[in-house]
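Asks: Chains as they are written, first to last, in our numbering: chain A, 2 to 333; chain B, 537 to 759.
In short, the hints are calculated from the structure, not lab data.
Straight-line alpha carbon distances no greater than 20 Å define the calculated SDA-like cross-link-like pairs of lysine to any residue that follow: (1) B:LYS586 <-> A:ARG68; (2) A:LYS324 <-> A:ILE274; (3) A:LYS217 <-> A:LEU242; (4) B:LYS643 <-> A:ASP30.
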Amino acid sequence: MHDKDTIKELLLNCFNGSASVIQKKWIDDWVNESSANEEVFYTYLEEWERKNPQYLTDTEGALLAFRNKSETDLPTKYNVFSVPKPSKWPSYRLFLVASVVLFGLLFSGTFEQLMVKTYRTGFGELATVTLNDGTVVFLNANSQLKTPRFAFGSGVRVVELLGEASFNVTHDPVHKFIIQTIDGLDVVVHGTEFTVYNRRNTAEVQLKSGKVELIKHGQNGIESVIMLPGEKVRMESGGTLQREKVKTPDEFASWKQYRYVFDQTSLSDVARIISDNYGVEVKIADEAIGELTISGSFRSEEAKEFAKSVAEVLGISLEIQNKHFLFFKSSQ
Amino acid sequence: MPQSKTAAKVMRILSPSRQNTEPILPQKPSQKAIQDEQLIWHALKKDSSKGMELVFRRYYQPLCSHAVRFVGSKEVAQDIVSDLLAHFYDQKLYLTITSSIRSYLFKAVRNRGFNYLKFDLARKGDLASSPEPRIAETYQPDSITQYEELYQDFEKAIETLPSQRRKIYLLFQFEGKSMKEIAMGMELSVRTVETQLYRSKIAIRHLLKDKWLIFTLVFAHLL
Chain A
2 MHDKDTIKEL
12 LLNCFNGSAS
22 VIQKKWIDDW
32 VNESSANEEV
42 FYTYLEEWER
52 KNPQYLTDTE
62 GALLAFRNKS
72 ETDLPTKYNV
82 FSVPKPSKWP
92 SYRLFLVASV
102 VLFGLLFSGT
112 FEQLMVKTYR
122 TGFGELATVT
132 LNDGTVVFLN
142 ANSQLKTPRF
152 AFGSGVRVVE
162 LLGEASFNVT
172 HDPVHKFIIQ
182 TIDGLDVVVH
192 GTEFTVYNRR
202 NTAEVQLKSG
212 KVELIKHGQN
222 GIESVIMLPG
232 EKVRMESGGT
242 LQREKVKTPD
252 EFASWKQYRY
262 VFDQTSLSDV
272 ARIISDNYGV
282 EVKIADEAIG
292 ELTISGSFRS
302 EEAKEFAKSV
312 AEVLGISLEI
322 QNKHFLFFKS
332 SQ
Chain B
537 MPQSKTAAKV
547 MRILSPSRQN
557 TEPILPQKPS
567 QKAIQDEQLI
577 WHALKKDSSK
587 GMELVFRRYY
597 QPLCSHAVRF
607 VGSKEVAQDI
617 VSDLLAHFYD
627 QKLYLTITSS
637 IRSYLFKAVR
647 NRGFNYLKFD
657 LARKGDLASS
667 PEPRIAETYQ
677 PDSITQYEEL
687 YQDFEKAIET
697 LPSQRRKIYL
707 LFQFEGKSMK
717 EIAMGMELSV
727 RTVETQLYRS
737 KIAIRHLLKD
747 KWLIFTLVFA
757 HLL
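Please construct the entire structure, taking both the sequences and the accompanying hints into account.
Replies: See below:
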């Protein structure tokens with residue numbers, strides 16, 4: 002009923018859209034009959050499409066684009082599968098060695114950055130850091146705390162502090178919590194609340210509750226001091242540990258609320274605090290007023306405001322130029 | 537049944553083993569096609585990169601030409617075909633397909649073309665004015681000639697557009713001209729071109745949806 006030419010005619014009619022519904026049905030059945038028929042169908046489809054192109058393509062351009070794409074994609078695959086020529090081995094090896102060395106160098110440089118997480122506060126900025134053992138650290142302005150990035154190891158918990166911070170350490174009798182400060186003064190904690198101050202070669206530890214052990218690694222060996230609540234221990238660079246009783250334990254780490262409590266504190270000390278916490282340069286014009294003392298509590302998030310109220314209380318004048326503060330005797 | 541007899545003969549010619557040495561019926565084009573097909577197949581096995589060059593030279597033009605019937609855009613057609621060929625090459629499909637390369641490529645390009653058309657019309661159609669019930673059914677042509685019907689219907693739909701609108705539609709879709717270029721060339725405002733394009737889309741979609749795009753409503757709705 003259908004010879005080859007008829008089939009071809011039928012298919013071309015179908016492609017052109019002039020085949021009847023019944024003819025299409027017949028083609029469907031015929032294609033389903035065998036895969037060979039399907040092949041014939043697509044052969045004629047290709048032929049028809051060749052004779053009736055909708056538009057002319059840029060085959061060379063497409064081929065070029067394809068080449069470029071596969072060239073950038075393939076080299077890795079080829080290196081894996083192809084058998085390398087002997088002459089190519091040294092360069093390959095050299096490349097491998099070079100890349101390993103380079104990687105090692107890069108890694109060792111960034112190793113500390115990878116393993117240690119650093120929290121840093123700017124001037125006039127406070128921060129609360131919760132470590133992964135549950136310990137809460139309040140960082141005062143202009144301070145830096147280094148902690149292990151991935152949990153504490155199985156041994157002791159060690160952090161490094163520069164600046165000032167208050168710690169609320171989660172109790173863990175097995176894993177000691179140690180804060181390393183300058184000049185080999187370690188603060189060993191046994192579940193407590195305390196402040197560590199570590200600026201300008203001076204370390205100061207103030208304990209609110211619990212027990213803290215200070216270990217000093219000096220030239221004469223190790224010196225250890227056990228602190229009691231309400232005590233303050235101070236160590237100047239290279240000096241000895243000085244123990245003193247805190248007069249106002251309630252004012253423990255008042256800076257956490259941007260509050261500063263002074264009790265007979267000299268203006269030079271206040272100037273140092275302002276300078277440390279807000280990153281401004283504070284000068285006192287004449288030594289006499291540096292001896293003036295101040296008592297009371299100030300709350301301020303800003304250096305200017307703070308310095309102004311100090312000046313007002315002491316009855317002295319203040320001159321501010323950008324980040325340079327100058328206290329001087331009033332002319333009146 | 538002489539019909540099946542013919543089929544058997546054809547089958548012998550096109551047997552998948554491609555080791556056919558029998559005398560071939562006087563079917564010049566298909567004979568040549570078979571030889572080409574064999575050549576390409578061997579080339580791909582030997583050096584896939586060289587083989588792909590043959591595939592491109594032989595099939596890129598007809599495949600693009602076929603694809604454009606479904607998608608109505610040169611660029612899209614070329615993208616579809618290039619994508620298809622890259623896939624064919626990357627996955628080394630020439631080693632696994634059971635049909636001929638031609639069958640595989642044409643079948644795939646028709647499928648991709650159809651999928652693009654339904655996606656495109658669903659994406660750009662106006663849903664607010666389509667109160668049709670949403671039937672959760674993916675309509676995929678289930679017989680080979682339905683693809684023919686689809687692109688013929690698509691072409692008819694374009695033919696029914698008023699001449700200016702059709703011209704704009706073809707310039708935009710097929711030639712890939714920007715609305716601004718069309719507006720400049722035809723001395724119309726960009727806004728007019730935009731409106732005409734929108735109306736073309738709606739008209740085409742309207743003509744195709746009953747037969748082909750029932751599901752697109754669901755599809756678009758889900759998006």
